[in-house]
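Colleague: This is what each chain is made of:
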Amino acid sequence: MLRLMCLISAAILFGPSARADEPPIMLPPAAMTLEGARHALERLSFGPRPGEIAEVHDQGVDRWIAAQLSPGAIAESPALTEALTNLPTLADSNAQLYRKEAMLRRDKSDDGKEERQAFAKAVAGDAMTAHFDRALLSNRQLQEVLTNFWFNHFNVFLGKGFDHVWIGNYENEAIRPYVLGKFRLLLEATARHPAMLFYLDNWQNTAPGSRGAKGKEDGLNENYARELMELHTLGVDGGYSQADVTELARILTGWGLRTRPERGPFTMMKREPDFTFAFDPNRHDYGDKRFLGFTIKGQGWQEVEQALAILSAHPATAKHLSFQLAQYFVADQPPPALVDRMARTWVQTGGDLSAVMRTMIESPEFWAPEAIGNKYKTPFEYLVSSLRAAKATPSDPRPLFGQLRQLGQPIYGIETPDGYKQVESAWLNPDSMARRLSFATALGSGRLGKDEISVNEAAIRSTLGQTLLPQTDKALAAADPRLRTALLLGSPDFMYR
Amino acid sequence: MNRRHFLAGSLLLPFGQAGWMARAAEAPAGQRRLVVIFLRGAVDGLSVVVPYGDDDYYGVRRSIALPPPGRDGGVLALDGHFGLHPALAPLLPFWQAGSLGFVQACGSPDPTRSHFDAQLYMENGTPGRGATSDGWLNRLLAELPGPHVPTQALSFGAQMPRILAGPQAVANIPSGAAAEKPLAIDRPGVNDAFARLYGGDDKLSRTFQQSTQSRQQMQADMAGGMMDDKEQIAANNGAPLPDGFPGDAARLARMMRQDPQIRVAFLALGGWDTHVNQGNAQGQLAGRLKPLGEGLSKLVTGLGPAFQDTLIIVMSEFGRTVHENGNGGTDHGHGTVLWLLGGTVVGGKVHGAWPGLAANRLYQQRDLAVTSDFRDVIGPAAIRHLRLPGGAAATLFPNAPNGGGAPVLVRA
Numbered sequence: 001m002l003r004l005m006c007l008i009s010a011a012i013l014f015g016p017s018a019r020a021d022e023p024p025i026m027l028p029p030a031a032m033t034l035e036g037a038r039h040a041l042e043r044l045s046f047g048p049r050p051g052e053i054a055e056v057h058d059q060g061v062d063r064w065i066a067a068q069l070s071p072g073a074i075a076e077s078p079a080l081t082e083a084l085t086n087l088p089t090l091a092d093s094n095a096q097l098y099r100k101e102a103m104l105r106r107d108k109s110d111d112g113k114e115e116r117q118a119f120a121k122a123v124a125g126d127a128m129t130a131h132f133d134r135a136l137l138s139n140r141q142l143q144e145v146l147t148n149f150w151f152n153h154f155n156v157f158l159g160k161g162f163d164h165v166w167i168g169n170y171e172n173e174a175i176r177p178y179v180l181g182k183f184r185l186l187l188e189a190t191a192r193h194p195a196m197l198f199y200l201d202n203w204q205n206t207a208p209g210s211r212g213a214k215g216k217e218d219g220l221n222e223n224y225a226r227e228l229m230e231l232h233t234l235g236v237d238g239g240y241s242q243a244d245v246t247e248l249a250r251i252l253t254g255w256g257l258r259t260r261p262e263r264g265p266f267t268m269m270k271r272e273p274d275f276t277f278a279f280d281p282n283r284h285d286y287g288d289k290r291f292l293g294f295t296i297k298g299q300g301w302q303e304v305e306q307a308l309a310i311l312s313a314h315p316a317t318a319k320h321l322s323f324q325l326a327q328y329f330v331a332d333q334p335p336p337a338l339v340d341r342m343a344r345t346w347v348q349t350g351g352d353l354s355a356v357m358r359t360m361i362e363s364p365e366f367w368a369p370e371a372i373g374n375k376y377k378t379p380f381e382y383l384v385s386s387l388r389a390a391k392a393t394p395s396d397p398r399p400l401f402g403q404l405r406q407l408g409q410p411i412y413g414i415e416t417p418d419g420y421k422q423v424e425s426a427w428l429n430p431d432s433m434a435r436r437l438s439f440a441t442a443l444g445s446g447r448l449g450k451d452e453i454s455v456n457e458a459a460i461r462s463t464l465g466q467t468l469l470p471q472t473d474k475a476l477a478a479a480d481p482r483l484r485t486a487l488l489l490g491s492p493d494f495m496y497r
Numbered sequence: 001m002n003r004r005h006f007l008a009g010s011l012l013l014p015f016g017q018a019g020w021m022a023r024a025a026e027a028p029a030g031q032r033r034l035v036v037i038f039l040r041g042a043v044d045g046l047s048v049v050v051p052y053g054d055d056d057y058y059g060v061r062r063s064i065a066l067p068p069p070g071r072d073g074g075v076l077a078l079d080g081h082f083g084l085h086p087a088l089a090p091l092l093p094f095w096q097a098g099s100l101g102f103v104q105a106c107g108s109p110d111p112t113r114s115h116f117d118a119q120l121y122m123e124n125g126t127p128g129r130g131a132t133s134d135g136w137l138n139r140l141l142a143e144l145p146g147p148h149v150p151t152q153a154l155s156f157g158a159q160m161p162r163i164l165a166g167p168q169a170v171a172n173i174p175s176g177a178a179a180e181k182p183l184a185i186d187r188p189g190v191n192d193a194f195a196r197l198y199g200g201d202d203k204l205s206r207t208f209q210q211s212t213q214s215r216q217q218m219q220a221d222m223a224g225g226m227m228d229d230k231e232q233i234a235a236n237n238g239a240p241l242p243d244g245f246p247g248d249a250a251r252l253a254r255m256m257r258q259d260p261q262i263r264v265a266f267l268a269l270g271g272w273d274t275h276v277n278q279g280n281a282q283g284q285l286a287g288r289l290k291p292l293g294e295g296l297s298k299l300v301t302g303l304g305p306a307f308q309d310t311l312i313i314v315m316s317e318f319g320r321t322v323h324e325n326g327n328g329g330t331d332h333g334h335g336t337v338l339w340l341l342g343g344t345v346v347g348g349k350v351h352g353a354w355p356g357l358a359a360n361r362l363y364q365q366r367d368l369a370v371t372s373d374f375r376d377v378i379g380p381a382a383i384r385h386l387r388l389p390g391g392a393a394a395t396l397f398p399n400a401p402n403g404g405g406a407p408v409l410v411r412a
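One line per chain: the protein sequences are A and B, in this order.
Counting from 1, one number per residue, gives the positions in the first sequence under the working numbering.
Counting from 1, one number per residue, gives the positions in the second sequence under the working numbering.
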């Protein structure tokens, strides 16, 4: 009889980090100006809305940032709350969604196929809509920017197997709650989520010849072990070898999903597989492992916890992820001294992501003139920031998802585990230029998908700070008044954040 | 109004004439071209050109081996030792005609098993050196005789790949039929307004100007020949293509046939990272190979006579483990197969030294060894095919081990 052991959450090992006694944010004087307020909104939110630069300036840029670093205390936007209640599958559990999908898959008739496609479309559509609406409408903007960043870092793909039913839950339960906490918990949450276990195949990773091995589950699968080090933690130059990949794959054997029927010890009641997280001791390799110089005693799921702890605290992880954060928030080629200081904070605080963010935000590099307006927006950032600047809320954002696809950044749509690139060289090219300007032209003339909206040139202009580039001023002066808003949204000033 | 008229009509409106636009209706004979197709995710080369004659092959692959020729689901016989995956049957005539060849056990000297580093090295052409910021295809463009027009190189996809990064102009279009839809920016009034905004010599302005010029040219290229293409008619009706690559391949062929100034094209296809349930004659990998074979066949047919002057290279960042893993799949490996297709190819032959699959012949006891450095295959072939000066080898691949000494697998 097969028995699968369920795990108690490792969250009890780590208390929530206290925020009440945080010292105030210390910013350089340049940060406390109107231009500083604009820079903060460009980098720590999805772009300023009309009037917001002045609001943040009046409140104090330091206090606005402090508030954004404690998102739980910010009241959420009623518009967002209402938009989310209209997405019926959002609250469904992974097990519910899996069971529905699996049931529909069993029906091979044409009707069944159609119903399954409709279900898949609805679930994925709800998840994408929620992702988009949160970026557009949430008052917890930094949390949403970070959710976008860390989802991309721990990327999973909508198009792989069952992942389309789990992907929204993955973002909501494995990413968003952890983006300003300890990295160790974020890593744990992704490592246990069905979307990740399925995406990188670890659910099938099995000790060869073990008691639970059978059929296509009879041997190691290195996929997750490799990406866990290369992408999620240490980085490709983080000093691990092929032997470490193999050893980590052995450690991860049996760390998977409840895919086989399970019987309780005192009853003949059978629990049907629901593809939730489970550790299967019968498929685990109980030999000792030598991993990154540590000896890990064969004992079961605790080995995984040890490995994740080693990886989270590793200096290579601190460096790799500090670089990525600084590349996203500061510059495509981030200043090495800043990355070093962030990595030091990482090591000193045991990977406290809020502390690492604070080191970055308080640095002179973050506010340096050469850092202002130097990040070329990704397609998602471009679209969302333009809607924020135009104060436009689409009645249904789904038509915009096709735009994102054509711009090369469909939501949840990158197949490879490295996620989307966050640098200009990936996104600035002739075709994307034509598409961005065409989008700007449509939005600038009040067309947004099926909606007619009113756009206000002065309001959009106010989100671009006090001065525009000379070429923008010149082109605006010569333009047909009906195209002025389009030009603002398509200006080089607006292409960068 | 049908789509052809619409596109042709829209072309009259938006743009001024550029000098480089004067062109022949068909590519002149002898204009040499290069198409590179990159299989991202590491294709299992042992399942593409299958060493069924190797004594160890059936021992190392329990469930994913392909049967020998003549058996149910068996490979298509190539040379008595190797066979072609049956899903690639559309390509067999090209092998028989001598215009399709392979280099088995080809790859990079760099030992990385990271997809992303390995792709980077194959694209920037400097294994082990990530800092090289341009790509070898862009360096190759600089070696071609001018004029260097905005559509000299064409990349499919919304992002510019590293292989084409660099100072030479490259046009890109999205995959799929959406590429052909006119945009607001094509309207003359709109374009003029933005042309004033982006009239300078900064990065964005240069990109905008390239975009305007290449859109104009590409729409002309795509509109021409539209009526003789069934795929396009389907796209006109708004029906989604059953699979992306054959459609893009047909589109590329039409554009290259129409526009002799397209000298280089690049396409990347994903989905080769088969860690589970790879399958054999049927299954996941077969499902990817099938549209690849069909698309390549469409590309050849669509090019018509221009095929004689086109070299198509299909490459991937590395191969996969010789041994099947525990889930009917394969993990990241080393050597793989490189494909050469075209009128100048020395085809009908599996090139390269075969290292064998015996345990003591494997790279790090697990992977197919690399016996041909990709730089020594691509460099000399591209140079001879495109009639570049011999010195271009050092520009394309600065530290290729064999340089001019490697066998050249295309005819002059």
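Check before you lean on any hint, since a few could be wrong.
Between beta-carbon pairs, the in silico distance windows are [stated by the list, open to error]: (1) B/P68 with A/G264: 26 to 36 Å; (2) A/G402 with B/A77: 26 to 36 Å; (3) B/A353 with A/R398: 51 to 61 Å; (4) B/Y58 with A/R211: 22 to 32 Å; (5) B/Y58 with A/D288: 26 to 36 Å; (6) B/Y58 with A/G209: 14 to 24 Å; (7) A/G161 with B/Y58: 23 to 33 Å; (8) B/A89 with A/D111: 26 to 36 Å.
If we take Cβ atoms under 7 Å as the criterion, some of the chain A residues that face chain B in the derived model are [stated by the list, open to error]: (9) P208; (10) K216; (11) D218; (12) G219; (13) E415; (14) Q422; (15) D431; (16) M433; (17) T441; (18) D451; (19) E452; (20) S454; (21) A458; (22) A479.
To be clear about the criterion: a stretch of chain A counts as covered by chain B if any three or more of its residues have a C-beta under 8 Å from a C-beta of chain B, and this derived list gives those stretches [what the hints assert, rightly or not]: (23) 221 to 227; (24) 289 to 295; (25) 401 to 412; (26) 488 to 497.
Simulated from the structure, these hints should not be mistaken for laboratory data.
Remember, it's a predicted structure, so these values are computed and weren't measured experimentally.
Even glycine gets a Cβ: it sits at the ideal position worked out from N, Cα and C.
Colleague: Does each hint hold? Answer for all of them.
Modeller: Results for each hint:
no.	hint	in the structure
1	B/P68 with A/G264: 26 to 36 Å	50 Å, violated
2	A/G402 with B/A77: 26 to 36 Å	46 Å, violated
3	B/A353 with A/R398: 51 to 61 Å	54 Å, holds
4	B/Y58 with A/R211: 22 to 32 Å	28 Å, holds
5	B/Y58 with A/D288: 26 to 36 Å	34 Å, holds
6	B/Y58 with A/G209: 14 to 24 Å	21 Å, holds
7	A/G161 with B/Y58: 23 to 33 Å	29 Å, holds
8	B/A89 with A/D111: 26 to 36 Å	35 Å, holds
9	P208	6 Å, holds
10	K216	5 Å, holds
11	D218	5 Å, holds
12	G219	2 Å, holds
13	E415	5 Å, holds
14	Q422	12 Å, violated
15	D431	5 Å, holds
16	M433	5 Å, holds
17	T441	4 Å, holds
18	D451	17 Å, violated
19	E452	16 Å, violated
20	S454	19 Å, violated
21	A458	19 Å, violated
22	A479	5 Å, holds
23	221 to 227	holds (count 4)
24	289 to 295	violated (count 0)
25	401 to 412	holds (count 4)
26	488 to 497	holds (count 4)
The earlier numbered hints that this structure contradicts are 1, 2, 14, 18, 19, 20, 21, 24.
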